[in-house]
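Asker: Spelled out from the first residue to the last, the chains are:
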Amino acid sequence: MSIASFQDFARRFAESRSAVISLTVSLVFVFCAIFAPLLAPTDPYDLTHLQLSDALKPTGSKRMLPGEEVRVNIRVNNGAITVLPASPTKTRLSLAASSCGPNCLTVSVEPTAARLGSLQVRNLPNGATIEGAKKHPIQPWWTIDNPESSEVRITSATSLPASFTLLAIAKSLDQETDFVFRLGTDNFGRDMLSAILYGIRISVVVGLVAAGAAMVLGTALGLFAAWQRGVTDAIIMRAVDFMLGLPALLIGLAILAILGNGVSKVVLAIVIVQWSYYARTARSFAMSELGKEYVEAARCLRLSPVRIMLRHVLPNCMPQIIVLFTLNIAAAISMESSLSFLGVGLPLTRPSLGMLIASGYEFIFSQKYWISIYPGVVLLVMIVAMNLLGDRLRDLNNPRLDR
Amino acid sequence: MNEMIFEAKDLSRSFAVGSSPLQDFTDHFLRNRQPAVLRAVDNVSMTLNEGETLGVVGESGCGKSTLARMIAGILPASSGERRFRGEDYDSFLRRKRDALKVQMVFQDPMSSLNPRLRVGEIVGEAAVLHGLVPRSRVKDYVVDILARVGLPADSVGRYPHQFSGGQRQRVGIARALAVKPDMLICDEAVAALDVSVQAQIINLLLDIRRDSGLAMIFISHDLGVIRHLCDRVAVMYLGRVVELAKTSELFASPTHPYTRMLLDGMPKISAQRRRFMPIQGEIPSPLNPPSGCHFHPRCPMVTDHCHRVRPELREIEPGHVHACLNVEPHSKRL
Amino acid sequence: MSDTFFFKVDGLNTWFFTRKGTIKSVRDISFEVARGEVLGIVGESGSGKSVTGMSIMGQIDEPGRIVSGSISLDGQELTGLDFEEMRHYRGNRIAMVFQNPLMTLNPLMRVRDQMYEAISAHESVPRKEMYDRCIEALRSVGIPSPEERLNAYPHEMSGGMRQRVVIAIALLLGPDLIIADEPTTALDVTIQAQIIYQIRRQIDERGLGMIWITHDLSTLSELADRIMVMYAGAMMEIGTTEEIIGAARHPYTRKLLESVPSRNAPGEKLKQIPGNMPSLLTLGEGCPFANRCERMTDICRQPVQARQLSETHRIWCYHPFED
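So the sequence lines, in the order shown, correspond to chains A, B and C. With the numbering used here, the residue at position 266 of the first sequence is 266, and numbering never jumps. With the numbering used here, the residue at position 181 of the second sequence is 181, and numbering never jumps. With the numbering used here, the residue at position 36 of the third sequence is 36, and numbering never jumps.
Isolated chain A (complex conformation):
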């Protein structure tokens, strides 16, 4: 296509405002798909960062840091204080102890900003008390619930023994962070915004790859049928009729039931469903092109059939095939989503939009609408945009609508 005719094409395309909008929307989705890792605030595939405490949070809530517990043994030996972690878990909290005069010991929690749920000191020596703490009715455990400050003071009226060991246990409350779940979380505590962005990525990739592979396969078969005519044509076209006669989703379900799930298998299922559209379109347009005189001229110039089909006939069928391709991307995306929704598509760990809709489906009646609705809206917008784009391309291709 020359530059001038492309400009003309672009100008005619731009005459429809909905087409321009849908092109823009489609490009935004492609952009999202390409740059999802940069755009997404979290990586939804990283399972280690998921925490159930974040599950099913509504839109706009903040991520919570879960409460932690730290235990240390505090050994006092002739005035020397050593702090030994009793449990090896890594926490943000730590405990320290220091002397605060004769018969006085301070146990403090670091960082001081941490809000504590409780601070407990066990095995106090006889006679020692903790201000404001409650003693366990039986055990020598002293507990302060919701302490105001981050340190406690152990004092004793009598002198403390020369050496003794305390066990200090600090429990922090759940803590709000600055991270906001802009679109809420799903039932695994995944950030929906990130999941949707990655879901777009999967949907767009599956749509493009599947529709593209179907286009190549179907077009090749269609051209072959058109060139061979006769029995080959009849066989291929009956296969097409057969494929078109069965519901697409049913075929997809059957294929995935046999092969199991996974991205490549979903792509394969879509290709098997969609090649027939391309074959039929390519065949019918190739037939009409083959009847034109320039093909006869090419045969008269003794060009090989492959060259005639690929160099002369195919480029003249391409506009129609590209229209079909655009429409079929949308169909492929919706089919992938449908299959995932039905639970046979992609694995749970790599959620596509359909999978997200499915995972929110069970919560939708408990007013946790965001898990299904947001991916649903995104899917809807994406498919509508693709379809409008395809429709516009088809209109531009139709000489009867052109003036």
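Please note that a few of the clues may not be correct.
[To be verified] Coverage of chain B stretches by chain A, computed from C-beta distances (three or more under 8 Å per stretch; other residues unrestricted): (1) 123 to 137; (2) 199 to 207; (3) 291 to 297.
[Said to hold, decoys possible] For lysine to any residue, the following SDA-like pairs were computed, each having C-alpha atoms within a straight-line distance of at most 25 Å: (4) C:Lys269 with B:Glu188; (5) A:Lys292 with B:Asn49; (6) A:Lys292 with B:His307; (7) B:Lys268 with C:Thr312; (8) C:Lys24 with B:His161; (9) C:Lys20 with A:Leu65; (10) A:Lys171 with A:Leu65; (11) B:Lys9 with B:Pro76; (12) B:Lys96 with B:Lys139; (13) A:Lys292 with C:Thr312; (14) C:Lys271 with B:Gly165; (15) A:Lys90 with A:Cys104.
The set of hints was computed from the structure by calculation and includes no laboratory data. Glycine included, every Cβ here is placed at the ideal spot set by N, Cα and C.
Assemble the complex: chain A is given as a structure, and chains B and C must be docked to it using the hints.
Answerer: Below, chains B and C alone, put in the same frame as chain A:
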């Protein structure tokens, strides 16, 4: 000069109408019916000498375009023989580079050029692929050819839709000339053009014939164009040749009733308005042609004989043959 | 003769306003048609001959428009009429026949129903009378056994037969004027001759006016009473058939006639017109043929006025041939 370049002997071509393998199957087994067969070309024999132009004239459905495609080797014959310089056509066509010696110019200036290719590629493609010209020199080669058909050098980079009908037809002629043919088949090559453009293209063909001594088969429904361009003329009716003679002789003294009717119907430019004789009868469907002589339902001199017997081509004068049962040799006037 | 002119076109301009610019397809066309007369409009593609016909029928669609000029039938102005008013004239008073009969015929309807529909769209007539009129119309264009043809579908007929049916439909309502746009171009010579014969007879018998638009001068020379030559949207020459065919004065008409093969010696090079028709987008003020004309001088760049050569013969040229 009188070497024969092409010969067709009893050439026939039939088409099964509207059939598909499935339909053939059901027709054969379920409906017990033979598929309809269209005999587009029916036992046509003709010869073409080196440097000669043979005209084929006839109305729509007479099979002249099918004949053109069989001669060009892009349509196989159902039966009969084709020879190029004495060699059997099938083995000739198998040698791709030699087969380029027969080329064709088409009717429709719109559809005869691939709209997605630039003129440079349309004209140069085959010459490069068949090794007539190295790829590095193809541009100059194409420019030369385009100059021969009267197109500017900058046409090379343009697309067919950027040309007028006459210019497109020139591109079509250039495409055929680019592979150095010895024989050119023009299928209604000027029919779709305006009068003034038609004259330009006819002159171009005359120039090319004079310069390169091409043998030509010129197929047309336009008797005026045929008379102007051709050395000999074959008149076809419903798939058969009914008369074949030197152009001057055919136009001066046509012998077959159909040829006469055709010449009478030919509009002539004259300031004196001529009152038409009403000529009765439709062209019968080629699917179901009349028995015997195909022309008998419209023929003014029909006899019982004509309904039953298929007339063979008979020589009525040297070089003048016709297929009529009633007009005897040497009694050309009725 | 001039008082018998019932149809007049005066100063017609039909332009198309496209993205690339204004295409002045028809510029200042004036002619008239008398009863019982065939006016031939001849021109090459792009000459504006078809647009002239469409303008008369009120069938110019966006982005085209009749910019100025008047079209009148028996003194009634047609250019300002709206669709409903024009419908009364279409078919009833003015009928049109196109090159492709399938443009007019509905492939899903029998010929009879299409003809009945044409009648009942304009008048209410009992079925028996409609039947008789249809038979009569079909017979008048030379269709054998019209009773059978009435029941046929368009695809069951040959191209020539279909075109006859279209002409019969055009004749049905007894119009005053028939506009035929290349009606026989797609037909074979023998069939064309038959149809022209039948049409000429109908014109003479019924006293119709006819405008026959074609690119084929030879057909016109056998059918038309007067011929108008158009080139690139403008009139070049108008006159009786004898004046145009026998004694053309305009260089373009002369060249056109000379380039016809049958007017040249066989095998000789034809006298051709060099060059191509100019683009209608970039026309100047002057004679559109000037660039291809061997008699061109500077004055040809000025707007050309009509020159009356005889009562019937008008010409738009600064340097006509003298006879």
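Asker: Which of the numbered hints are not met once you compare them with the structure shown?
Answerer: 2, 3, 5, 6, 9, 13 and 15
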